[in-house]
Amino acid sequence: MYVAVKGGETAIDNAHRLMAEERRGAPATPELSLDQIAGQLGLAVDRVMTEGSVYDRELAALALKQAQGDVVEAVFLLRAYRTTLPRFGASEPLDTAAMAIRRRISSAFKDLPGGQVLGPTYDYTHRLLDFALAEGGDPAPAALAPEPLDAAMPRVADVLGQQGLIEDNPAGDESPGDLTRQPLNFPAGRDLRLQNLARGDEGFLLALAYSSQRGYGNTHPFAGEIRMGNVAVELVPEELGFAIEIGEIAVTECQMINQFKGSKTRPPQFTRGYGLAFGRSERKAMAMALVDRSLRAGELGEDATSPVQDEEFVLAHSDSVEASGFVQHLKLPHYVDFQSELELIRRLRAGKEAAE
Amino acid sequence: MPPAETEFRRRWMGVLAKAAPAEIAAAWHRLASPPAYALLRRPEIGLVMVRGRAGGDGGAFNLGEMTVTRCSVRLPSGIVGHAWVAGRAPAHAERAAVIDALLQQGDATLGPEIDRLEALQAERRTLAARKAAATRVDFFTMVRGED
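Line by line, the protein sequences are chains C and H.
Count the first sequence with numbering that gives the first Met the number 0 and you get residues 0 to 355, in order.
Count the second sequence with numbering that gives the first Met the number 0 and you get residues 0 to 146, in order.
Just so you know, the hints here were simulated from the structure itself, not pulled from any lab data.
Backbone N, C-alpha and C define an ideal beta-carbon position, used for all residues, glycine too.
Dumping the calculated SDA-like pairs for lysine to any residue here, alpha-carbon to alpha-carbon at most 20 Å: (1) H:130 / C:229; (2) H:130 / C:139; (3) C:260 / C:163; (4) H:130 / C:144; (5) C:260 / C:107; (6) C:260 / C:162; (7) H:130 / C:121; (8) C:109 / H:137; (9) C:109 / H:139; (10) C:109 / H:135; (11) H:130 / C:41; (12) H:130 / C:247; (13) C:260 / C:301; (14) C:64 / H:87; (15) C:330 / C:9; (16) H:130 / C:39; (17) H:130 / C:230; (18) H:130 / C:117; (19) H:130 / C:151; (20) H:130 / C:122; (21) H:130 / C:143; (22) C:64 / C:22; (23) H:130 / C:140; (24) C:109 / H:133; (25) C:109 / C:258; (26) C:5 / C:338; (27) H:130 / C:137; (28) C:330 / C:72; (29) H:130 / C:119; (30) C:260 / C:302; (31) C:260 / C:217; (32) C:109 / C:159; (33) H:130 / C:97; (34) C:109 / H:134; (35) C:260 / C:222.
Here are the in silico distance ranges between beta carbons for each label pair: (36) C:153 / H:119: 22 to 32 Å; (37) C:20 / H:107: 56 to 66 Å; (38) H:20 / C:133: 26 to 36 Å; (39) H:119 / C:172: 31 to 41 Å; (40) C:202 / H:105: 55 to 65 Å.
Based on the sequences and whatever the hints tell you, model everything.
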């Protein structure tokens with residue numbers, strides 16, 4: 000039985016007007032500007048850019064404002080917006096070794112060239128609510144060292160890699176696959192896995208990474224290096240034929256190094272997992288690196304027994320836009336489906352009663 | 000284009016792209032007179048897929064996109080200027096494309112302008128690097144009892 004349902008238009012319009020009024024909050028309170036969101040809720044902006052997969056602070060701030068701070072909804076808005084823009088091309092791969100470092104730490108090597116640079120971080124804070132912030136007021140200015148950081152800050156894993164104790168990163172295809180252009184098939188290459196994880200929901204990846212630490216696919220990780228700062232984006236415009244810088248973006252990179260006992264073809268050495276995210280997204284980059292390493296189980300000849308090592312399970316469920324869409328579609332009218340199931344239950348019960 | 004000229008142009012196009020919009024506007028207003036030019040490709044906003052490398056130096060992968068504005072102009076002399084700048088910045092891209100064309104034409108007043116923009120960018124980078132350097136950890140070793 001098919002029942003055409005009409006009549007919701009006015010209710011929907013009014014629901015959206017009500018939502019707009021609630022989003023605005025008390026009219027006597029000044030409205031949030033995009034500059035305020037981009038400047039003062041910067042880590043939320045970074046997360047929306049990373050998972051929305053578009054680096055544009057202003058757009059991400061607008062998405063957060065429109066979504067009343069609901070990050071997953073904001074990610075959806077940004078993803079929807081990107082479909083309205085043409086694709087001009089692809090950049091040259093970022094050179095993170097040449098990053099203008101704002102933070103760079105290693106939990107594996109104390110004395111690394113360039114030093115341990117804490118940068119802006121919540122690490123080592125006491126996580127006590129700061130009621131002075133509720134009052135407002137300007138903070139003390141940041142301390143300035145007499146000299147800037149060393150210009151050369153080599154990636155830690157590269158330093159140890161030179162001694163063969165850490166695996167080399169395998170070279171790959173220079174025109175990597177693109178999930179936004181082709182459906183994901185399994186087995187996926189590492190290029191597609193990394194793209195999927197970079198866009199993936201932080202909460203999902205964090206939980207998977209945690210599961211791997213608790214024993215569901217043991218990764219024995221060390222944070223070989225975490226670095227955050229600005230990198231130049233270069234591309235080769237067709238009309239020029241040579242690479243030019245088009246700007247700088249902030250990224251966070253995490254190199255996990257993991258114990259590896261060796262296999263028939265490989266000596267015992269440290270292996271690597273890699274995380275890269277837009278902006279200051281350290282937890283995300285760390286979780287991504289752990290999951291990336293776990294997903295290499297097959298390649299490294301390890302038993303894949305845990306969810307985090309199951310490529311199809313991880314990659315098919317990491318995207319918050321797909322996940323929230325499918326979960327939330329249950330809110331749409333299913334009156335006819337439910338009616339038919341109700342009929343079925345009634346008939347089954349009637350049959351059972353008749354038999355008794 | 001000879002390699003040296005390509006290198007000059009690479010530099011100024013990068014400097015123009017990385018300049019703050021207000022700095023480009025200021026440079027524009029310092030031009031002797033508003034230059035005549037025609038739009039070959041009006042400022043157009045689109046996306047560029049940003050790529051990374053697995054492990055930083057391995058195989059390439061697609062990280063995510065960024066917004067970019069591009070523009071192309073032609074001077075009355077026939078010289079064509081291009082600009083590609085991060086973000087949604089039509090005015091920035093148009094002005095950068097015109098300045099790119101003027102620089103190719105050998106406009107002598109613009110060299111110092113590029114130097115000035117580059118110096119501002121270096122200043123910002125140094126300031127950020129000094130703030131970061133103030134957070135560098137100086138380890139010291141505790142004297143151990145058994146020694």
